[in-house]
Each structure stands twice: as structure tokens, then as C-alpha cells.
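K.L.:
Going by our numbering, the first residue of the sequence shown is number 38, and it counts up by one from there.
Errors might be hidden in some of the hints.
As the list claims (entries may be wrong) - In silico BS3-like cross-links for lysine-lysine, where the CA-CA straight-line distance does not exceed 30 Å:
1) Lys96 with Lys73
2) Lys45 with Lys96
3) Lys73 with Lys45
4) Lys96 with Lys42
Calculated directly from the structure, the hints in this document are not laboratory data.
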Amino acid sequence: MIERKQLKDGAQVTFVLPADVPPGPVSVVGDFNQWKPGAHTLEPRSDGTRAVTVRLPAKSVHAFRYLAAGDYWFDEHHADGHDGANSLLHT
Numbered sequence: 038m039i040e041r042k043q044l045k046d047g048a049q050v051t052f053v054l055p056a057d058v059p060p061g062p063v064s065v066v067g068d069f070n071q072w073k074p075g076a077h078t079l080e081p082r083s084d085g086t087r088a089v090t091v092r093l094p095a096k097s098v099h100a101f102r103y104l105a106a107g108d109y110w111f112d113e114h115h116a117d118g119h120d121g122a123n124s125l126l127h128t
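Please work from the sequences and hints to get the whole structure.
P.N.:
In C-alpha cells:
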């Protein structure tokens, strides 16, 4: 799931997954962090989910995927679109 908050000069985007699906550490990896695994690792929240928040510029499109333990890459089904290889997010 993706939570968004519009800001005056951009957007605050929170990537949210269940606490244990998939198991182990998960990070969101995309063009906004130079596709660097571990740069934005999802952390547990009190509501039983895990999440990470990223600030992005306004009126931009970003490609991203999730990376879980065991080199397991997967897409966000609630993304704004998909380009064949990645999930897409519009701010």
C-alpha cells in the first residue's frame, strides 16, 4: 500500500507492507535512491505493518520495486502503474 501526503514543494510517500509478508527485511529500491538496496528499509509500526517514508519532488514519476531477503524482488500492486519491469509512482 502507498500512503501519500501532498506538501507545498513535493510529496511525502509512505510505502507500507504487512509485518511478516514477505518475511525478513524489506527495502524499497528505486530511482529516488539510485536503486541502492537498504537505503530505505521498512520498519515496524504499532499497527502491525512496516513502513518507510520518502520525500519526493512534486509532479514527478518514479520507478521502484521492493527487495526482500533472499534477493526476492516484487512489485507494489497499488502503484500508479507498471512499466513492465517496475512499479511507477506519480507525485
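K.L.:
Taking 30 Å as the top limit, are the C-alpha atoms of Lys73 and Lys45 close enough?
P.N.:
Answer holds: Lys73 to Lys45 is near 27 Å, not above 30 Å.
K.L.:
Would you mind confirming whether the straight-line C-alpha gap from Lys96 to Lys73 stays at or under 30 Å?
P.N.:
This hinted pair holds, its Cα atoms lying about 23 Å apart.
K.L.:
Within a Cα-Cα threshold of 30 Å, do Lys96 and Lys42 meet the stated pairing?
P.N.:
Between Lys96 and Lys42 the Cα gap is close to 13 Å, so the pair holds against 30 Å.
K.L.:
Check the hint pairing Lys45 with Lys96 against an upper bound of 30 Å on the C-alpha distance.
P.N.:
holds (11 Å)
When the structure is compared with the earlier hints, no violation turns up for any of them.
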